[in-house]
Amino acid sequence: MNTLQAGFGRVDITPMMGLRIRGYFKERFVEGILDELEVNVLALACGENKALLVTVDCCSIDTEDVNAYIANASKVTGVPEDAIFIHCTHSHTASYFGLHSEDALVREYSEFVGKRIADAAAYAVADLKPAKMGWAVGQAPNIAFVRRFRMKDGKVRTNPGVGNPDILHPIGDVDERVNVLRFDREGADTIVLANMGCHPDTIGGSKVSADWPGFFRRRTEKALDNVKAIFFNGAEGDVNHVNVWAKGGDHNDMFHDFDDVDRGYGHARHMGNVMAGAVLQVYDKVNYTDVDSLRFTKKISNLPSNMPKPEDMPLAHKYNDLHNAGKDDQIPFKGMELTTVVAEAGRMVRLEHGPESFPLPLTAIAIGSVALIGVPGEPFNGVGIGLKSAEGWDLVLPTCLTNGNEGYFPMQDSYDEGGYEARASRYKAGTAELIISEGKALLDSLH
1 MNTLQAGFGR VDITPMMGLR IRGYFKERFV EGILDELEVN VLALACGENK
51 ALLVTVDCCS IDTEDVNAYI ANASKVTGVP EDAIFIHCTH SHTASYFGLH
101 SEDALVREYS EFVGKRIADA AAYAVADLKP AKMGWAVGQA PNIAFVRRFR
151 MKDGKVRTNP GVGNPDILHP IGDVDERVNV LRFDREGADT IVLANMGCHP
201 DTIGGSKVSA DWPGFFRRRT EKALDNVKAI FFNGAEGDVN HVNVWAKGGD
251 HNDMFHDFDD VDRGYGHARH MGNVMAGAVL QVYDKVNYTD VDSLRFTKKI
301 SNLPSNMPKP EDMPLAHKYN DLHNAGKDDQ IPFKGMELTT VVAEAGRMVR
351 LEHGPESFPL PLTAIAIGSV ALIGVPGEPF NGVGIGLKSA EGWDLVLPTC
401 LTNGNEGYFP MQDSYDEGGY EARASRYKAG TAELIISEGK ALLDSLH
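Numbering (this note's numbering), first residue to last: 1 to 447.
Simulated from the structure, these hints should not be mistaken for laboratory data. Just so it is clear, the structure is predicted and the values come from calculations on it, not from any experiment. One or more hints might be untrue.
Below, computed lysine to aspartate or glutamate pairings styled on EDC-like, alpha-carbon distance capped at 20 Å [said to hold, decoys possible]:
| no. | residue 1 | residue 2 |
| --- | --- | --- |
| 1 | Lys129 | Asp184 |
| 2 | Lys327 | Glu337 |
| 3 | Lys26 | Glu48 |
| 4 | Lys207 | Asp284 |
| 5 | Lys388 | Glu176 |
| 6 | Lys129 | Asp292 |
| 7 | Lys155 | Asp444 |
| 8 | Lys129 | Asp62 |
| 9 | Lys26 | Asp184 |
| 10 | Lys222 | Glu36 |
| 11 | Lys285 | Asp184 |
| 12 | Lys309 | Glu417 |
| 13 | Lys207 | Glu48 |
| 14 | Lys132 | Asp290 |
| 15 | Lys388 | Asp444 |
| 16 | Lys152 | Asp413 |
Simulated restraints on C-beta separations [stated by the list, open to error]:
| no. | residue 1 | residue 2 | range |
| --- | --- | --- | --- |
| 17 | Asn142 | Leu315 | 37 to 43 Å |
| 18 | Leu315 | Asn226 | 55 to 61 Å |
| 19 | His256 | Lys327 | 21 to 27 Å |
| 20 | Lys327 | Leu168 | 29 to 35 Å |
| 21 | Asn2 | Gly430 | 40 to 46 Å |
| 22 | Leu315 | Glu433 | 25 to 31 Å |
Yeah, the Cβ is synthetic: ideal placement off N, Cα and C, and Gly gets one too.
Taking the hints into account, I'd like the entire structure generated from these sequences.
This is the structure in structure tokens:
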């Protein structure tokens with residue numbers, strides 16, 4: 001028997017001028033607003049159990065701050081902390097967070113967002129109405145691309161540049177599936193949840209935008225009457241919008257940015273339109289299923305850190321010091337290769353004296369025969385594919401940057417081959433595969 005209830009809450013969290021922007025290895029500060037940032041919340045209930053699925057338009061929120069936000073939202077709504085997802089859409093044109101930052105403006109904004117998350121959660125709980133859930137899988141072609149490539153010299157590069165003649169082939173295949181959940185409610189708007197993995201790093205610059213997830217929400221709500229849309233990013237660690245073989249109209253509304261990546265606000269709109277199209281493909285043909293239970297669980301594992309070798313430290317300190325002094329021009333690399341060595345040097349310096357391991361929390365919420373599993377960082381596409389294959393579920397939705405930010409989770413072979421993500425990751429090789437096995441075990445515990 002279906003006993004599901006669903007509610008929706010939305011608030012604005014557009015930041016003030018001058019706030020730091022997170023997402024690159026160079027300083028940016030808010031200079032204007034392209035579109036608003038939001039917190040969107042889907043509240044769910046079955047019997048006595050309630051859960052909150054929260055999305056925040058931001059690049060990431062560190063684990064300590066997320067825990068504070070979860071505790072506050074739990075206190076305000078009465079929803080158990082283990083039943084709260086706080087997910088970052090990963091926009092690279094959104095604001096910096098830090099409840100304990102030395103920057104007073106960052107602290108002020110971070111405290112404001114924490115309060116707004118609790119507000120949106122309370123609105124969603126108050127909005128709970130009897131609902132039926134349907135699920136389906138759409139397709140979003142040609143907007144997401146693997147960003148790691150084998151080059152003619154045998155090396156592996158991340159984002160080697162559009163039209164680079166030295167590219168041999170991409171490493172891996174992209175997952176263009178769009179998971180869709182539809183919640184039809186009695187006497188209230190339908191809620192549509194979409195989930196696919198791709199970096200929202202499409203715009204660049206120093207003006208605030210929710211990037212293509214924001215365009216997706218707005219386009220979906222314009223296309224479908226009486227609908228609210230919410231988006232959860234998936235396994236996007238090695239996937240972005242860059243088509244290195246772009247030609248003709250593929251270049252529309254784009255410019256060549258500092259790191260060899262082509263970006264543009266109009267391209268974010270295009271991606272949002274394609275994502276909305278994936279929902280429209282299946283919206284009227286979802287598989288409705290009774291939901292008579294809402295389950296949730298959380299597991300924390302200690303996984304080994306990617307500590308550096310002592311012989312690598314002199315050069316790491318040199319590059320890290322030059323970067324911190326604003327002297328990147330004295331580091332003998334350009335474009336994405338410069339970003340890679342700077343990220344690697346920073347990782348080595350931070351982990352020079354340990355720790356030897358880090359805690360890694362995984363959170364899962366089951367809505368009847370559908371499950372969401374949150375990873376606190378940026379898992380590679382292979383992690384998402386692995387988690388989606390968990391047995392016994394109609395649909396599994398992996399979500400990145402959920403309840404924390406522990407960095408990149410590259411697949412084993414990425415450490416052997418090299419590239420930005422593996423060289424920057426603070427976890428040792430094998431962590432991605434452990435996330436798949438631990439995640440499947442966590443999902444099995446909810447059956």
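Now for the hints, and whether the structure bears them out:
1. A threshold of 20 Å between alpha carbons decides the hint, and for Lys129 with Asp184 the separation of about 9 Å falls inside it, so the pair holds.
2. Restraint check: the Cα-Cα separation between Lys327 and Glu337 comes to about 15 Å, which is no more than 20 Å; the hinted pair holds.
3. In summary, the hint linking Lys26 to Glu48 is not supported, as the alpha carbons are separated by about 48 Å, beyond the 20 Å threshold.
4. Annotation: proposed proximity of Lys207 to Asp284 is violated, straight-line Cα distance about 37 Å (limit 20 Å).
5. For the given pair, Lys388 sits about 13 Å from Glu176 by alpha-carbon distance, which is consistent with the 20 Å threshold.
6. With a C-alpha separation of about 15 Å, the suggested pair Lys129 and Asp292 falls inside the 20 Å cut-off, and the hint holds.
7. Taken as a hint, the Lys155 and Asp444 pair is broken in the structure, with Cα atoms around 39 Å apart against an allowance of 20 Å.
8. Between the alpha carbons of Lys129 and Asp62 the distance comes to roughly 33 Å, so the proposed pair goes past 20 Å and is violated.
9. Proximity of Lys26 to Asp184 is assessed by CA-CA distance (about 44 Å); at most 20 Å being required, the pair is judged violated.
10. At most 20 Å may separate the alpha-carbon atoms for a hinted pair to count; Lys222 and Glu36 meet this at roughly 17 Å.
11. For the given pair, Lys285 sits about 13 Å from Asp184 by alpha-carbon distance, which is consistent with the 20 Å threshold.
12. Only pairs whose Cα atoms come within 20 Å are accepted, and Lys309 paired with Glu417 is accepted, the gap being roughly 18 Å.
13. At most 20 Å may separate the alpha-carbon atoms for a hinted pair to count; Lys207 and Glu48 exceed this at roughly 43 Å.
14. A threshold of 20 Å between alpha carbons decides the hint, and for Lys132 with Asp290 the separation of about 7 Å falls inside it, so the pair holds.
15. For the given pair, Lys388 sits about 13 Å from Asp444 by alpha-carbon distance, which is consistent with the 20 Å threshold.
16. Restraint check for Lys152 and Asp413: the C-alpha separation of about 18 Å stays at or below 20 Å, so the hint holds.
17. The hinted range of 37 to 43 Å is satisfied by Asn142 and Leu315, whose Cβ atoms lie roughly 40 Å apart.
18. A beta carbon spacing of about 59 Å between Leu315 and Asn226 agrees with the range 55 to 61 Å that was offered as a hint.
19. As the Cβ distance of His256 to Lys327 is approximately 24 Å, the hint placing it in 21 to 27 Å holds.
20. One distance hint, 29 to 35 Å for the beta-carbon pair Lys327 and Leu168, holds here, with the actual separation near 33 Å.
21. A hinted range of 40 to 46 Å holds for the C-beta pair Asn2 and Gly430, which are about 42 Å apart.
22. Taking the beta carbon of each, Leu315 and Glu433 are about 30 Å apart, inside 25 to 31 Å as hinted.
Figure legend: structure checked against the earlier numbered hints; hints not met, in rising order: 3, 4, 7, 8, 9, 13.
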